[in-house]
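Taken in sequence, the protein lines are chains A and B.
FYI, in my numbering the residues of the first sequence are 1 to 87.
FYI, in my numbering the residues of the second sequence are 1001 to 1250.
Mixed in with the good hints, there may be bad ones.
According to the in silico footprint, chain A covers these stretches of chain B (three or more CB under 8 Å from chain A) [stated by the list, open to error]:
(1) 1008 to 1017
(2) 1104 to 1115
(3) 1234 to 1246
Derived by calculation from the structure, the hints in this document are not laboratory data.
Ideal Cβ placement from N, Cα and C applies to all residues, glycine included.
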Amino acid sequence: MENQLDGNASAGTLQAIFPFEMTEVTVTCANCDDSNLIAETVVYMSGMGTIVRCPSCDHALIRIAHAKHRSLLDLHGARVLQFNGDH
Amino acid sequence: MEGAEVLGRLNWQFGEVVATQRETDRAKSITLSVPDWSGHRAGQHVDLRLTSEDGYHAERSYSIASAPEDRPRVTITVERIETGEVSPYLTDELHEGDKLELRGPIGGYFVWEASMGGPLFLVAGGSGIVPLMAMIRHQAASGSSVPTRLLYSSRSLAEIIYRDELERLAQGSKRLEVRHTLTREAPTGWAGYHRRVDADMLREVAWPADKHPLTYICGPTPFVEATATFLAALGYASQRIKTERFGPSG
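Take these sequences, add in the hints, and give me the full structure.
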């Protein structure tokens, strides 16, 4: 079952990888160059994984696939992830 | 904007079911006691994970309904989706004393704390009320003076979640106003709206734009998009409108 959600729903999956609150991270699309908060992206989630899509052009920004004992993270569609603050 | 908060990676932990409450025919609230709960902010959610005997995992995100002041108790409200693989278990088979695996709190965007001020305009479609209820409960529990208006769209009277509590909170407070609209059946003598949220309704219910309201909209995707578009036309600043969209999450 695949659900269309927004970036708020992907935050747990992303925060299991990145040690940040991810909904307020800005992602720049490698296809159309538009920048949006992760919270404002379009997200599809299913048992197999999560796809974060650009709200402007629908390009796949981030793909996370879950398999037994491993996860695969594909950031090919995201040109830049911007984390604000001092790290 | 504040910086991305360094939180550390999220870990799964167990909570014990300490209470359940039926809210409507399809919605049930589940209160968990989570011993190591770090505390949450109103609007955040948790991920729940169910594991079957063969090791298969199913994960779902659920908004937290309770106020941060209830720590270490966390309440979620789950709407039963007939064809779902998680929600029927949560609404029908879970009992006090059962353990549930969860991680959270999650999310920093769709969050309201009393210190962020207002006036607050909350717009809910269906079970989109859940994170907004956490904000309303936080407002009450913290004694905040932020004036708050809720516009809540449901299909029918019987499907309004937290109806009695909202009425009680609004009656006991000068700061909270609650308006309902029903999109399908309405009982005879119904005093609320009886149609989908539209521009005229928002003009009547929403704060005037020159009060610089802080707005949170949660509901199905088309509901959220339509409401945000109407509010922009009324002069609402897009950076003061926060949205959370959901599809049916089984």
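Results of checking the hints against the structure:
no., hint, in the structure
1, 1008 to 1017, "holds (count 3)"
2, 1104 to 1115, "holds (count 6)"
3, 1234 to 1246, "holds (count 5)"
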